[in-house]
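Trainee: Note that the protein sequences, when read in sequence, are chains U and A.
Residue numbers for the first sequence follow this note's numbering, so the first one is 50 and each next one is one higher.
Residue numbers for the second sequence follow this note's numbering, so the first one is 152 and each next one is one higher.
All clues stand as given, with none of them false.
Across the chosen pairs, the derived CB separations fall in these ranges:
id : chain 1 : residue 1 : chain 2 : residue 2 : range
1  : A       : 195       : U       : 234       : 41 to 47 Å
2  : U       : 304       : A       : 467       : 17 to 23 Å
3  : A       : 454       : U       : 201       : 53 to 59 Å
4  : A       : 340       : U       : 234       : 20 to 26 Å
5  : U       : 118       : A       : 326       : 44 to 50 Å
6  : U       : 288       : A       : 361       : 23 to 29 Å
7  : A       : 215       : U       : 100       : 35 to 41 Å
8  : A       : 163       : U       : 273       : 37 to 43 Å
It is worth saying that the hints were derived from the structure and are not from the lab.
Positions of the beta carbon are idealized from the N, C-alpha and C atoms, including for glycine.
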Amino acid sequence: MKIGICAKVTPDTDARIKPAAGGEGIDESGHKMVVSPYDSFAIEEAIVTKEAHGGEVVSFTVGPESTVTQLRGSCLALGADRAVIIHDEAAIASDALGKAKALAAAIKKDDCSLVFCGKVAIDDDNVQVPAMVAECLGWALVSRVTDFALDGDTFTATRAMDGGVKHVVTGTLPAVITAERGLNTPRYAKLPAIMKAKRKPIDKLDLAALGLTADDMAPACTFTNFSAPPARPSGRILEGDVPDVVKELVSLLRNEAKVI
Amino acid sequence: MSGILVFAEHESGTFKKTAYELLGKASELAASLGTSVSAVVLGDAPASELGGFGASTVYQVAGDFSAYSTASTTDALAAAVAQASPDVILAPASFAGKDALPRLTARLNSGMGSECTDLRVEGSTVIGRRPMYAGKVYADVVVNRSPALFTVRANSFAQPTPAGGGAEVVAVSFSATTPAVTVTEAKAPEAVSVDLTEAERIVSGGRSLKSGEQFDAVIRPLGAALGATVGASRAAVDAGYASHSEQVGQTGKTVNPTLYIACGISGAIQHLAGMRTSKVIVAINKDPEAPIFEHATYGIVADLFEVCPALEAEFKSVL
Numbered sequence: 050m051k052i053g054i055c056a057k058v059t060p061d062t063d064a065r066i067k068p069a070a071g072g073e074g075i076d077e078s079g080h081k082m083v084v085s086p087y088d089s090f091a092i093e094e095a096i097v098t099k100e101a102h103g104g105e106v107v108s109f110t111v112g113p114e115s116t117v118t119q120l121r122g123s124c125l126a127l128g129a130d131r132a133v134i135i136h137d138e139a140a141i142a143s144d145a146l147g148k149a150k151a152l153a154a155a156i157k158k159d160d161c162s163l164v165f166c167g168k169v170a171i172d173d174d175n176v177q178v179p180a181m182v183a184e185c186l187g188w189a190l191v192s193r194v195t196d197f198a199l200d201g202d203t204f205t206a207t208r209a210m211d212g213g214v215k216h217v218v219t220g221t222l223p224a225v226i227t228a229e230r231g232l233n234t235p236r237y238a239k240l241p242a243i244m245k246a247k248r249k250p251i252d253k254l255d256l257a258a259l260g261l262t263a264d265d266m267a268p269a270c271t272f273t274n275f276s277a278p279p280a281r282p283s284g285r286i287l288e289g290d291v292p293d294v295v296k297e298l299v300s301l302l303r304n305e306a307k308v309i
Numbered sequence: 152m153s154g155i156l157v158f159a160e161h162e163s164g165t166f167k168k169t170a171y172e173l174l175g176k177a178s179e180l181a182a183s184l185g186t187s188v189s190a191v192v193l194g195d196a197p198a199s200e201l202g203g204f205g206a207s208t209v210y211q212v213a214g215d216f217s218a219y220s221t222a223s224t225t226d227a228l229a230a231a232v233a234q235a236s237p238d239v240i241l242a243p244a245s246f247a248g249k250d251a252l253p254r255l256t257a258r259l260n261s262g263m264g265s266e267c268t269d270l271r272v273e274g275s276t277v278i279g280r281r282p283m284y285a286g287k288v289y290a291d292v293v294v295n296r297s298p299a300l301f302t303v304r305a306n307s308f309a310q311p312t313p314a315g316g317g318a319e320v321v322a323v324s325f326s327a328t329t330p331a332v333t334v335t336e337a338k339a340p341e342a343v344s345v346d347l348t349e350a351e352r353i354v355s356g357g358r359s360l361k362s363g364e365q366f367d368a369v370i371r372p373l374g375a376a377l378g379a380t381v382g383a384s385r386a387a388v389d390a391g392y393a394s395h396s397e398q399v400g401q402t403g404k405t406v407n408p409t410l411y412i413a414c415g416i417s418g419a420i421q422h423l424a425g426m427r428t429s430k431v432i433v434a435i436n437k438d439p440e441a442p443i444f445e446h447a448t449y450g451i452v453a454d455l456f457e458v459c460p461a462l463e464a465e466f467k468s469v470l
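Looking at chain A on its own, in the form it has when it is part of the complex (with noise of 0.2 Å):
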């Protein structure tokens, strides 16, 4: 047993930028411990690219997994440890990463850190930190087991510079064996953005919109304008201005973005907990008590019914 294995997801043969992120930290990681990153692709896509971020092999399983399938992915993903045999496994904390891996954790009988923000190597240990409690607190994660599992959320790790050079690929074909369901149809998102999850840039509104008209007049241009994704509380989400899949917060999206924009948000720890992590954050809101402000990089006291277009404009005038 030997080497960090890398699950590199991809859309559509397009690899996802957290495949890139997750290769650069694990050839760190491998240096510090003296050994090599290998990694994991599920159907077409460019595997020996993979080469030039760090990769020395490359496990491609063959099969159609265009439509996601827990069954699929698990088996897949387990064909392909069996054949890498890898001490640490890392997977970003997408839907597959929440869905197959611990599946694929209990299939090894082992442990997984879930949607770690930073992973470090101490003696020969993998050690992960991870926000708990919705980021209220982080602990270090520790998996006594081998192979070790570990997901890491999106924009933890920066993107690596890619160097020239192939990967071995090696080709893995696997046997279902785990109970199936059916896609019948796959239903596109009403307005295409980048996932809450994934995004670089958020803009949210609160309850201070004061109506579905409202948000949608003003939060929305002002994220397109920025090109970021739309988010909202949970008090905007339950007065049904937005959907509940835009919901920031501990009970809805736990978000990592390098900028977060909170018009007419208070602050709630709910909320709080869900954006926290946000490397940038600009509060806007009339009331100066309002616990945002304590948070937040920038704050601008006043109406965001004034500030939201004119920052709409001038986003629109220098980007």
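The following block holds chain U by itself, in its conformation from the complex (with noise of 0.2 Å):
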């Protein structure tokens, strides 16, 4: 069994994002890049179940070629086997689904029938490429998995939904399963393995090799306008013995913020 990681790279979360001059896009100068949090969960989960039932463990992801870094310390240095990074400038500028029609594409090149992702990437936050790629390949999709488990073809999974209501759900593979925090505790890489991942194959692919024409990554979403937050009111700190702050503060909450 082939098992797929859709793995992106972001920068980390101590990353102070600002926007670029002029609004369009973030300035990407000088940030640490990792591959992001909950992909890391997806890397586990995926390097588990090879460990149970055997198999090859391949990463998917979208970017430059200079991912290879973090792709080689955060993703084959675990326990991955192989990586595939879809390189081509447009997939790279195109939106989620163009996006997913490339990661779908060369999953299903590589005979993949389990393909575990990260529930959000820290860097756009839209939480649709998993779902898009479970579209595009026709495959049952369960989000906010905290829990997993597979017998033969058959999945048992937990998945957190809103309210901290846990859904148990059972279903066949194959399937796109989305990491949720409580998966898994991803391990360290160790020397000997980040040595050895340094050989470890790294396929670098264009939008030709899966198929794909720039016209399938035309994207329907454009993002502009790019700014700092909206700004605070300058807040106050209230002064005085512990008794009489709270009942100012309690006085402020109701009389002047008028929200209890």
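From the two separate chains plus the hints, produce the assembled complex.
Mentor: Printed below as a string of structure tokens:
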């Protein structure tokens, strides 16, 4: 069985994101780039599944060739066997659906039957690509999974619904599973594995290799007018003894802010 | 093709507040565009009542939607869209909005603006305004195909005042085409409360609580006294004081309440990213240099173990 991972390389959570001059996009300079944190749970689950059931783990990324660094360090060094990078400019510049079409084509070409994704990439926060990949492939989808087990081609998963409700679901492969925090604890790479990862194969594909054209990548969504978040009105520190400031706070919440 | 179609979600026949928020905003947008508003309802709910909130037509899809299914939600919405032929589709950024709506978008070969916090009309185009990078930047999103899909965060728009009048209800049937999974068990949450992403009031605790026992003894009763949902910082969750589902921040929930009380939370960038759109932020921390104070509407520089119990008592006496 081939198990796929969709992995995106994004700025780290500690990055201070600023709009680019002119507001078309963000200032990309100087950020520490990482594999998006939720994708790390997807990678771990793919490796755990391979350890239990055998097979091969392949990661799929739409992004520039420079993502090799993060994919070697955070995917291949942890146990993925191979990485596929779709580095075509038109795919990188496309929207969620364009990227999903490219990923789905690569997953199909590699004949995977189970794909793990993070529930969200922490840059655009779209929460779109995994569901779109499932639709492009005509596969089942289970989002926000906190527990996963495979038995033959039948899986059981626990998904985190709104309001703290959890659903236990069963289904049949092929399927796209998105990883929620709590699914597992990602392992750390060990030095021999890091060295070994340097020799693992990385396939760099353009659209033609996937049977797609730049027309397939024409984005339906455009993002413009990037700006810093709306400024908050400056606040105030309440001074005094605890009993007094607590009374003052409740009075302000009620009479000034009118939120209680 | 015309009009704005709102996905009106309900829980066992009671519409969620996002249904009204979206219908109110859709009515405003439709007035600027010179078009009409319709709604889609899955399963049993009083569809006609949505007429009082601006929907002239409600497409009601028959079926059992009580246990959420990606497949039937997508297939049913696709059937309603085929019948309504809308230019714009608005949906809540709920589980279904994040799970089935992108799948529907792919089926329609269109585009979707996720988790918008505002929508406006320019010319004949609806533009979404949304946080990205967990709220570190905001951007406009335009969908240049039809229908244009947008999901909207709860609490982004005011609830409209209901007017009289019912909507025309059109029955829609659908055929299942998407591979399904079966729900074998639904587990209720340990403590019943409003989901963080929909909560009007949130009380959050950080690492300063020092233990799960103290988190339970200080933060949860304060939340209960205020009728608030309890949240936690990444540090508190990593230390095991609170559960993963309670984490607020870039790698947890992004929240949008009217009142957010941060107790013993320093205000790391990734936490601020998840709660900075809160209308009023109260920060309680004994470190006057904590970054959270730069974002707080009201700050108290004192030990949370003194402030929180006093605040709990004060809420109990006035609320």
